[in-house]
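> Sequence:
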Amino acid sequence: MIFRKINTNTYQLRTSQVIPLPREQAFIFFQDPRNLSEITPDWLNFRMRDFDAGAKVFEGAEYDYSIKWLPWLWRTGWRSRIIQYRPPETFTDIQIKGPYSSWQHLHIFKVISEGTRMKDIVTYRLPFGLIGKFAYHMLIRAQLEDIFSYRALRISEWASGNFMWKVKHRANIDGFNI
4 MIFRKINTNT
14 YQLRTSQVIP
24 LPREQAFIFF
34 QDPRNLSEIT
44 PDWLNFRMRD
54 FDAGAKVFEG
64 AEYDYSIKWL
74 PWLWRTGWRS
84 RIIQYRPPET
94 FTDIQIKGPY
104 SSWQHLHIFK
114 VISEGTRMKD
124 IVTYRLPFGL
134 IGKFAYHMLI
144 RAQLEDIFSY
154 RALRISEWAS
164 GNFMWKVKHR
174 ANIDGFNI
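Following the numbering used here, the numbering of the sequence shown begins with 4 at its first residue and continues without gaps.
One or more of the hints may lead you astray.
[Unchecked claim] Calculated pairs, BS3-like style, for lysine-lysine (alpha carbon to alpha carbon, straight line, at most 25 angstroms): (1) Lys113 x Lys136; (2) Lys59 x Lys100; (3) Lys71 x Lys113; (4) Lys136 x Lys59; (5) Lys122 x Lys8; (6) Lys8 x Lys136; (7) Lys169 x Lys59; (8) Lys8 x Lys100; (9) Lys59 x Lys8; (10) Lys71 x Lys169; (11) Lys71 x Lys136.
[To be verified] Simulated DEER-style distance windows between Cβ atoms: (12) Lys113 x Gln15: 18 to 28 angstroms; (13) Val114 x Ser159: 11 to 21 angstroms; (14) Phe6 x Gln87: 22 to 32 angstroms.
Hints were generated in silico from the structure; no laboratory data involved. Treat the numbers as computed from the prediction; the structure is a model and nothing was measured. Just so it is clear, CB atoms sit at the ideal spot from N, CA and C, and this is done for glycine as well.
All chains should be modelled from the sequences, with the hints used to inform the complete structure.
Structure representation (structure tokens):
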């Protein structure tokens, strides 16, 4: 996990993980926003507002969630939009409403000899000027580390078949049991 400062209150998080599964299978799992609750820590209290809408993924699709961004303070809405969608190679989602001034998440899936290398590049800007900068160093960076570390662990469990579903909604999709 690599964090970079881009400019004032804008940062970038980069992660990479090997998934010992075919790229198409990995892509199908990650493109489905209904799976976000499965790979998000419970303390974030992530909820998809219209669960059935998540079954449709395409460029321009929008999804509504709620999270407890700062768990002891408030629950907030998060609306995302798919702005680029090229299965099974890549897709990009952006936050169009939520706690960040901006959030763009690029997902990349590369075929490698071990299966699939999944890369995430998240570029985000914090609100509130100096207060946002202070909050980033005191709390938000650590939260993002926790969220993406938990996510990597859950992805490894899923890929190894050692995955306990939190929400019972999965079926066989395009020939893959997920």
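> For this structure, which hints from the list above don't hold up?
1, 3, 4, 9
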